[in-house]
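Protein chains: 2
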Amino acid sequence: MSTITILGAGAMGSALATPLVAAGWDTRLWGTWLDDHLLDACERGKPHPRTNIPLAPGTRLFRSADLDAALDGADVVVLSVASVGVEKVTDLALDGIARAGVLMLTSKGFCPDEAGTIELLPTAIRRIADARGVRIPPICAVAGPCKANEVAGSKPTATIYGCSDAAVAHRLAREISTDAYRIEPTDDEVGVELCAPMKNVYAIALGLADGLEAATGFPHHNLKAATFSQAVREMSLLSTELGADPATAYGLAGVGDLEVTGLSGRNKVYGLRIGRGEPARDALDAMVAAEQTVEGVPAAGLAVRLAEQAGLTDRLPLLAAVDAVIAGADDPAGLVTEAVLPGRAG
Amino acid sequence: MSTITILGAGAMGSALATPLVAAGWDTRLWGTWLDDHLLDACERGKPHPRTNIPLAPGTRLFRSADLDAALDGADVVVLSVASVGVEKVTDLALDGIARAGVLMLTSKGFCPDEAGTIELLPTAIRRIADARGVRIPPICAVAGPCKANEVAGSKPTATIYGCSDAAVAHRLAREISTDAYRIEPTDDEVGVELCAPMKNVYAIALGLADGLEAATGFPHHNLKAATFSQAVREMSLLSTELGADPATAYGLAGVGDLEVTGLSGRNKVYGLRIGRGEPARDALDAMVAAEQTVEGVPAAGLAVRLAEQAGLTDRLPLLAAVDAVIAGADDPAGLVTEAVLPGRAG
Chain A
1 MSTITILGAG AMGSALATPL VAAGWDTRLW GTWLDDHLLD ACERGKPHPR
51 TNIPLAPGTR LFRSADLDAA LDGADVVVLS VASVGVEKVT DLALDGIARA
101 GVLMLTSKGF CPDEAGTIEL LPTAIRRIAD ARGVRIPPIC AVAGPCKANE
151 VAGSKPTATI YGCSDAAVAH RLAREISTDA YRIEPTDDEV GVELCAPMKN
201 VYAIALGLAD GLEAATGFPH HNLKAATFSQ AVREMSLLST ELGADPATAY
251 GLAGVGDLEV TGLSGRNKVY GLRIGRGEPA RDALDAMVAA EQTVEGVPAA
301 GLAVRLAEQA GLTDRLPLLA AVDAVIAGAD DPAGLVTEAV LPGRAG
Chain B
1 MSTITILGAG AMGSALATPL VAAGWDTRLW GTWLDDHLLD ACERGKPHPR
51 TNIPLAPGTR LFRSADLDAA LDGADVVVLS VASVGVEKVT DLALDGIARA
101 GVLMLTSKGF CPDEAGTIEL LPTAIRRIAD ARGVRIPPIC AVAGPCKANE
151 VAGSKPTATI YGCSDAAVAH RLAREISTDA YRIEPTDDEV GVELCAPMKN
201 VYAIALGLAD GLEAATGFPH HNLKAATFSQ AVREMSLLST ELGADPATAY
251 GLAGVGDLEV TGLSGRNKVY GLRIGRGEPA RDALDAMVAA EQTVEGVPAA
301 GLAVRLAEQA GLTDRLPLLA AVDAVIAGAD DPAGLVTEAV LPGRAG
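Protein chains in written order, with our numbering: chain A, 1 to 346; chain B, 1 to 346.
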C-alpha cells in the first residue's frame with residue numbers, strides 16, 4: 001500500500017480522502033494552522049464542516065505542528081491549501097515534497113513573482129524549490145468539475161490530471177480512480193492549471209446574468225449562454241497562448257469546470273448580487289461578512305496582468321469586462337453584454 | 001426596404017419578427033394550417049401564445065391559404081416550421097424560395113431520404129428542389145443560444161448564421177443585427193446545422209442529472225458538468241466527421257446552445273423526470289399529454305443512425321446511452337454515468 005499525504009484539510013483536501021481510501025491508499029491529512037477546528041470536528045466523528053460529509057474512515061490526521069511526521073515516507077504529496085498559502089506551505093514542506101515521487105496540486109491560482117510577473121502555481125513552486133537548491137518531483141495539476149462535497153460523498157465525478165510527464169498522469173489515473181471518481185490523464189499541465197482560476201473569474205459573469213433575471217423577472221438565458229461560450233473561447237485563447245493544448249479548455253478543465261462553477265458557488269453568487277443591482281463593493285463586503293471568499297475577485301486582476309504578459313489584452317473582452325465590474329464600473333450588465341455578443345460589423 | 005417572409009408562425013418564427021422589424025425589414029409572417037390560433041391571438045393584439053410576447057408591430061400576417069401572396073417579392077425567405085413539416089412546406093413554397101436571394105433556416109432536425117439515409121435539413125431541401133428541377137438560392141443555417149421568448153422580448157442574444165457562401169452570412173449579419181440580437185457569421189453550414197438537433201438529445205442527459213438531485217436531495221453537479229463536457233466532445237467529433245469546422249461545436253452553436261438548452265426546456269424536463277425515477281415511457285406520455293413535444297426523442301434515434309453512417313458509433317457513448325434510456329433501459333443513471341466518466345484504464 002502506497003502512502004499519500006494531503007496538505008490542507010479544507011474542502012478539497014478532505015474530500016480527496018474519499019477516493020484515495022477507497023482506492024487503497026494509506027491516506028494522511030495534514031491541517032494547517034488554520035485548520036484545527038476542521039480536524040477537531042473530524043476527530044469527533046462529525047461531518048467535515050466544509051463539505052458536510054464525514055471524513056473517509058481510516059484517514060490519519062496530522063496537526064500543523066506534525067508536518068514532518070505527516071510527510072515521512074509519503075510516496076505522493078497533494079498540495080490542497082488556498083492559493084494564498086501555496087508559497088508558505090511549499091516552503092515548509094519542501095524536503096518532504098522532494099522525497100516523494102509526485103507532487104499533486106489541487107490548489108489553483110496565479111502567483112506574482114518578486115518582479116511582479118504573474119506565474120501559474122507550478123512555476124511558482126519550482127521557483128521556490130530552485131531558490132533553495134532543492135530538486136522536486138513531477139507536478140501533476142488536478143482540476144475539472146469537482147465540487148468537493150460530491151467527491152467526499154462518492155458522487156460520480158470526472159476529473160483531469162495534467163502532468164508534463166504523461167506516464168505519471170496515466171499511472172496516477174490508474175492508481176487513484178474508483179467507480180465514482182474517474183480521472184482523465186493528460187500531459188497538459190499548463191492547460192489544466194490555467195483554466196481553474198480563470199473559470200472562477202468567468203463564473204462572476206454567469207452569475208450576473210442570473211442576477212438580471214432575479215432583478216427583472218425575465219430570464220436572461222440567452223445572455224448567460226453567450227457569456228458561457230465567450231468564456232470558453234477566452235480560456236482557450238489564453239491557455240493556448242501559454243502553450244496549452246487547445247483541447248483542454250474545451251474539455252473537463254474548461255467547459256466542464258465552468259459548467260459546475262456556474263451552477264453554484266461563491267463566484268456565481270457574487271455576480272448574481274451585482275446583476276441584481278448591488279454595487280460591486282457592497283456585494284463583496286456582504287460576502288466577506290459571511291466569511292465567503294470570492295476567489296474570482298483577486299484572480300481577475302492577476303488574470304488581466306497575465307493576459308497583458310501574453311499580449312492578448314484586446315482579445316479577452318469578457319475578462320476586461322469582469323475586471324471593470326469588480327472595480328465598480330457603471331452599467332455592469334451593459335459591459336458584460338457588449339463583451340459577449342458578436343459585433344455588428346458582420 | 002427589403003422584404004423578408006417567415007414561414008411558420010410558431011415560437012421562433014414569430015420571435016424573429018422582433019429583430020427583423022427593428023432592423024428595418026418589411027417583415028411578413030406566414031402561418032401554416034396549424035398556426036391559425038396563433039395568428040388569431042396576434043391579430044387580437046394579445047401576446048403570442050408560444051412566447052407570451054406581443055408580435056413586433058408592423059409585422060404583416062398571412063394565413064396558410066395565402067402562401068403565394070406571402071412570398072411574392074420576398075428578398076429573403078426564412079423557414080421556421082417544426083422539422084417534421086420541412087419537406088411539405090419546402091415543396092409548397094419552392095417557387096417563392098427559388099425567386100428569393102437567400103433561404104434562412106431556423107428549423108432543425110434530421111431527415112431520412114427514401115433509402116433511409118439520414119440527411120441534415122439543407123441537404124433534404126436541396127434534394128426536394130433538385131427532384132423538381134428547381135434551382136434554389138444559398139441556404140443560411142441559423143442557430144445558437146436563442147430562446148424564442150427572449151429574442152421576441154429584445155433580450156441580449158448571440159446567434160450564429162452559417163452559409164457556405166461566407167459573404168451571404170456576413171451580409172445577413174450586417175443587415176439583421178440589432179443592439180439586442182447579434183449575429184456571428186460563419187461559412188460552416190454543416191456545423192451550425194448539426195449541433196442544433198444534437199444538443200436536444202444531450203439536454204436529456206443534463207436533465208437526468210438534475211433529476212438525480214431531485215430524487216436524492218444531493219446535488220449531482222459533477223455528473224452534470226461531466227455530461228456537458230462529454231456532449232460537447234461528441235458534437236465536435238460528429239460534426240467534424242461530417243465536414244464541419246471543429247470550432248463550431250466549441251462556440252455558440254454547440255457549447256452556447258447546449259448551455260441554454262440545459263437551463264430550461266422540454267428535453268431537459270423529460271430527462272429530469274427519468275432521473276427522478278419515472279420510466280421513460282411514462283415520462284414521455286406525461287409530456288405528450290401536456291402537449292409538450294420532446295424534440296430530442298426522435299432526434300436521438302436518427303442521430304444514432306447518422307453516427308453509424310459516419311462510422312462513429314463507438315466514439316459517441318453518451319449518444320448511445322441517451323438512445324438506450326429513451327428505449328427504456330434499466331438503470332438510466334448508471335448508463336449515462338458510465339458514458340461520461342473517463343475509463344479506469346488510465
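Please keep in mind that the hints were generated in silico from the structure rather than gathered at the bench. Even for Gly, the Cβ is constructed at its ideal location relative to N, Cα and C. Mixed in with the good hints, there may be bad ones.
To be verified - Covered stretches of chain A, as calculated for chain B (at least 3 residues, CB under 8 Å): (1) 69-75; (2) 171-183; (3) 213-223; (4) 242-256; (5) 283-293.
Verdict on chain B covering the segment 171-183 of chain A, where coverage means 3 or more residues with a C-beta closer than 8 Å: holds (count 8)
Coverage of the segment 69-75 of chain A by chain B (three or more Cβ within 8 Å): Since three or more residues must qualify, the claim that chain B covers the segment 69-75 of chain A is violated, with 0 doing so at under 8 Å.
8 Å C-beta test of the segment 242-256 of chain A against chain B, three or more residues: Three-residue rule met by the segment 242-256 of chain A, so holds; n is 5.
Check of the segment 213-223 of chain A against chain B for coverage (Cβ-Cβ below 8 Å, three residues minimum): Held - the segment 213-223 of chain A has 6 residues with a Cβ nearer than 8 Å to chain B, which meets the minimum of three.
Outcome, coverage hint (the segment 283-293 of chain A, chain B; C-beta under 8 Å; three residues): With 0 residues in contact (Cβ-Cβ under 8 Å with chain B), the coverage given for the segment 283-293 of chain A is violated.
Hint violations for this structure: numbers 1, 5, all remaining hints satisfied.
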